[in-house]
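Construct the complete structure from the given sequences, taking the supplied hints into account.
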Amino acid sequence: GENVEQHPSTLSVQEGDSAVIKCTYSDSASNYFPWYKQELGKGPQLIIDIRSNVGEKKDQRIAVTLNKTAKHFSLHITETQPEDSAVYFCAAPDRGSTLGRLYFGRGTQLTVWP
Amino acid sequence: NAGVTQTPKFRVLKTGQSMTLLCAQDMNHEYMYWYRQDPGMGLRLIHYSVGEGTTAKGEVPDGYNVSRLKKQNFLLGLESAAPSQTSVYFCASSYSRLAGEYEQFFGPGTRLTVL
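Protein chains in written order, with this note's numbering: chain C, 3 to 116; chain G, 62 to 176.
Hints listed in this document are in silico derivations from the structure and should not be mistaken for laboratory results. A quick note: this is a predicted structure, and the numbers were derived from the prediction, not measured. Mixed in with the good hints, there may be bad ones.
[What the hints assert, rightly or not] Derived list of chain C stretches under chain G, where covered just means 3 residues or more per stretch with a C-beta under 8 Å from a C-beta of chain G: (1) 13-21; (2) 25-37; (3) 47-53.
Note that CB positions come from ideal geometry on N, CA and C, so glycine has one too.
Dropping the structure here:
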């Protein structure tokens, strides 16, 4: 199956600064890369995703970039706010088995200090 | 539209006891999943289902069983609980938005402690 590695495990930034979280994957056939945000006491929720035929995708203050050659993708959050504090997970699909299965990274705890 | 709901929210068990966690979704999704979340380990897939009456093993299936008798429900059972099963359990469901894209919708989680 797919192997997804995520760094860093913790990240602290000052409000207004940018935050970047990086993930690598192992299966070159993977073509869909979502990012999930988990707020304290809640389940993860999809915030942005990218397909392999696109190099970058933006949605207001968040963006995801993909480098297929190097097999890595990153989440960028600009102008961070305290409400961005959460655990963020990257994921990649399991191409070798049943549709719909995702492999998740171990998560990044982002803390935004006011 | 409640989305994905999980019952119970909290539970404390003694070693050797059994219990069933219930997951329900009202979005008519085909796929359903059970994950466990432990500190520093991310989300690990226990079992999943691609349709009513079908189930499959994930990364960490030992000690758990599942059933999907109805499309909207996915049950996770612990026959003989062990302290290593202390964790937060999340259920999720998904559908195919486009070919190869599957957005998973998560429930609020069940915090289980095994003494």
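A quick look at each hint next to the structure:
| no. | hint | in the structure |
| --- | --- | --- |
| 1 | 13-21 | violated (count 0) |
| 2 | 25-37 | holds (count 3) |
| 3 | 47-53 | holds (count 4) |
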